[in-house]
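Single-letter residue listing:
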Amino acid sequence: MAIARTETATLFAEGAVSTLRLIVYLAIAVVLMVLDHRGGYLQLLRHTGSALVEPVYRLAAFPADVARATRTAVATQDKLASENRELREALLLAQARLNRLDTVVAQNARLKDLLDAQKNLGLSVQFARLIDVDLDPFRHRIVLDVGANQKVAVGQPVIDAHGVMGQIVELLPNTAVAMLITDPTHAIPVVDERSGVRTIAYGSGAIDRLELPNVPISADVKVGDKLLTSGLGGRFPAGFPVGEVREVKNDQSGMFAAATARPAAALDRSGEVLLLQDQVQPYGPPPPLDAMGPPADLAGPAPAPATAPAPSAPESTP
Amino acid sequence: MNRTRAQGWLFGGSLAIAFLLQLMPLPQLLLPMKPYWVGLVLIYWAIEMPERVGLGFAFLFGLAGDILTGELLGEQALRLVVLAFIVLRFRARLRFFPMWQQALALLALLLNDRIVMLMVRGFSGEAMPSALYWVAPVIGMLMWPFVFLLIDDLRTRLRGSEPR
Numbered sequence: 124m125a126i127a128r129t130e131t132a133t134l135f136a137e138g139a140v141s142t143l144r145l146i147v148y149l150a151i152a153v154v155l156m157v158l159d160h161r162g163g164y165l166q167l168l169r170h171t172g173s174a175l176v177e178p179v180y181r182l183a184a185f186p187a188d189v190a191r192a193t194r195t196a197v198a199t200q201d202k203l204a205s206e207n208r209e210l211r212e213a214l215l216l217a218q219a220r221l222n223r224l225d226t227v228v229a230q231n232a233r234l235k236d237l238l239d240a241q242k243n244l245g246l247s248v249q250f251a252r253l254i255d256v257d258l259d260p261f262r263h264r265i266v267l268d269v270g271a272n273q274k275v276a277v278g279q280p281v282i283d284a285h286g287v288m289g290q291i292v293e294l295l296p297n298t299a300v301a302m303l304i305t306d307p308t309h310a311i312p313v314v315d316e317r318s319g320v321r322t323i324a325y326g327s328g329a330i331d332r333l334e335l336p337n338v339p340i341s342a343d344v345k346v347g348d349k350l351l352t353s354g355l356g357g358r359f360p361a362g363f364p365v366g367e368v369r370e371v372k373n374d375q376s377g378m379f380a381a382a383t384a385r386p387a388a389a390l391d392r393s394g395e396v397l398l399l400q401d402q403v404q405p406y407g408p409p410p411p412l413d414a415m416g417p418p419a420d421l422a423g424p425a426p427a428p429a430t431a432p433a434p435s436a437p438e439s440t441p
Numbered sequence: 261m262n263r264t265r266a267q268g269w270l271f272g273g274s275l276a277i278a279f280l281l282q283l284m285p286l287p288q289l290l291l292p293m294k295p296y297w298v299g300l301v302l303i304y305w306a307i308e309m310p311e312r313v314g315l316g317f318a319f320l321f322g323l324a325g326d327i328l329t330g331e332l333l334g335e336q337a338l339r340l341v342v343l344a345f346i347v348l349r350f351r352a353r354l355r356f357f358p359m360w361q362q363a364l365a366l367l368a369l370l371l372n373d374r375i376v377m378l379m380v381r382g383f384s385g386e387a388m389p390s391a392l393y394w395v396a397p398v399i400g401m402l403m404w405p406f407v408f409l410l411i412d413d414l415r416t417r418l419r420g421s422e423p424r
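If you read the protein sequences in the order shown, they are chains A and B. For the first sequence, our numbering assigns the number 124 to the initial residue and increments by one for each residue that follows. For the second sequence, our numbering assigns the number 261 to the initial residue and increments by one for each residue that follows.
Derived from the structure by calculation, the hints contain no laboratory data. Keep in mind that a hint or two might mislead.
[Claimed, not checked] Here are the computed lysine to aspartate or glutamate pairs in the DMTMM-like style, where the Cα-Cα straight-line distance is at most 20 Å:
hint	chain 1	residue 1	chain 2	residue 2
1	B	K294	A	D259
2	A	K349	A	E334
3	B	K294	A	D391
4	A	K345	A	E316
5	A	K345	A	D331
6	A	K345	A	E367
[Claimed, not checked] Partial list, computed: chain B residues near chain A (C-beta under 10 Å):
hint	residue
7	F279
8	M284
9	P287
10	K294
11	A318
12	G322
13	E331
14	V342
15	E386
A quick note: this is a predicted structure, and the numbers were derived from the prediction, not measured. We put the beta carbon where it would ideally sit given N, CA and C, even for glycine.
Modelling step: build the complete structure from the supplied sequences, incorporating the hints.
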């Protein structure tokens with residue numbers, strides 16, 4: 124029986140809804156999704172509407188901020204004092220370690236000079252705070268309070284004190300969205316600190332687990348091994364902690380060992396994060412020196428690599 | 261005059277609060293259990309005020325949601341249009357269900373919504389979410405009586421303050 128077509132049914136359903144309109148709207152939605160999937164118009168739209176979007180984020184995060192502020196305000200002096208002491212000890216320890224590292228860095232720089240290597244390990248970072256909103260519990264995204272106006276760029280690695288958290292995937296003028304390494308669509312090239320085995324760590328969709336589905340069976344990966352970024356792929360600089368192997372077992376096909384790891388970063392607890400400035404070592408062969416090219420004022424669009432301006436500068440002066 | 265304006269404020273306010281609740285952070289453990297607030301509030305208004313909440317409204321509302329939280333433009337629009345269509349179709353029955361039956365119908369609606377969402381995400385090439393994905397509709401069902409009674413109560417209060 125056709126439900127809404129008859130006279131009485133219209134009286135009850137008030138004729139507000141017809142299948143044709145449903146189909147039209149569904150079609151529009153599907154077309155929008157396909158277009159967006161291909162072209163990424165949503166980001167453009169969000170960027171345009173950021174004057175509206177960003178305040179809403181701040182507003183949604185407000186109650187949690189207030190709760191946190193209240194908690195700090197009513198925390199007993201005892202607790203604060205002990206926390207302060209702990210932090211001071213941690214700082215002391217870190218300071219001592221840093222001092223020792225300084226000499227190592229200096230030594231390293233000397234050796235590198237000898238080797239004529241051009242990489243530098245200087246760490247230039249930008250501080251950012253989390254805006255505590257939840258975009259979707261099944262996508263691991265965090266919102267940060269810096270954006271395009273603060274010179275953040277898409278692809279910048281996000282770290283905290285303990286390790287790599289993720290990377291920036293979307294920019295609004297004063298807000299940025301970062302994808303965590305545990306997002307199911309995220310993958311990060313890692314290297315086993317102990318044995319040097321290289322593999323890829325995929326997000327699992329659970330905040331405390333990374334999957335390493337394709338480790339060769341013969342590879343030397345053991346429970347407790349630390350995983351560092353390998354620097355391959357050119358997105359994350361090498362040597363940052365990513366996680367710790369928790370379990371190694373055979374996968375279903377028996378061809379690979381499948382390991383799981385626990386992320387090193389406090390993904391669900393960090394309130395402040397650091398954005399690494401772009402300083403990834405370029406992979407592949409070094410870019411050709413274009414000292415023979417046209418004058419510098421014509422070579423506008425290509426951002427010159429750090430070594431390029433020196434040879435081309437004399438040409439532009441006369 | 262004043263009454264209709266107050267009703268309008270309630271209408272807009274409840275929808276805005278639904279968005280804020282949707283964005284509101286929760287402890288990590290509770291995060292997968294967050295019900296689809298936007299959907300719940302839209303269902304309420306589709307049942308109570310179908311002359312305002314048509315398919316077109318659901319669509320535009322969903323687009324707004326996509327701009328706020330979305331990954332894919334049109335995803336929430338599609339979900340809300342489907343929700344609104346089913347609710348409007350069965351509105352006559354849904355309205356007069358006792359609360360527990362209504363809540364069960366809500367569970368079916370929200371599960372259907374999850375399936376629609378899974379389809380959309382599957383097509384756009386995302387991984388299958390974990391089993392916790394299916395918890396949210398149940399929580400949504402449990403929340404429905406509260407949402408319904410709260411908004412209903414506010415509405416009757418607004419109406420009651422005026423002489424009839």
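Results of checking the hints against the structure:
no. : hint                 : verdict
1   : K294(B) with D259(A) : holds, 10 Å
2   : K349(A) with E334(A) : holds, 14 Å
3   : K294(B) with D391(A) : holds, 17 Å
4   : K345(A) with E316(A) : holds, 11 Å
5   : K345(A) with D331(A) : holds, 18 Å
6   : K345(A) with E367(A) : holds, 10 Å
7   : F279                 : holds, 7 Å
8   : M284                 : holds, 5 Å
9   : P287                 : holds, 9 Å
10  : K294                 : holds, 6 Å
11  : A318                 : holds, 8 Å
12  : G322                 : holds, 8 Å
13  : E331                 : holds, 7 Å
14  : V342                 : holds, 7 Å
15  : E386                 : holds, 6 Å
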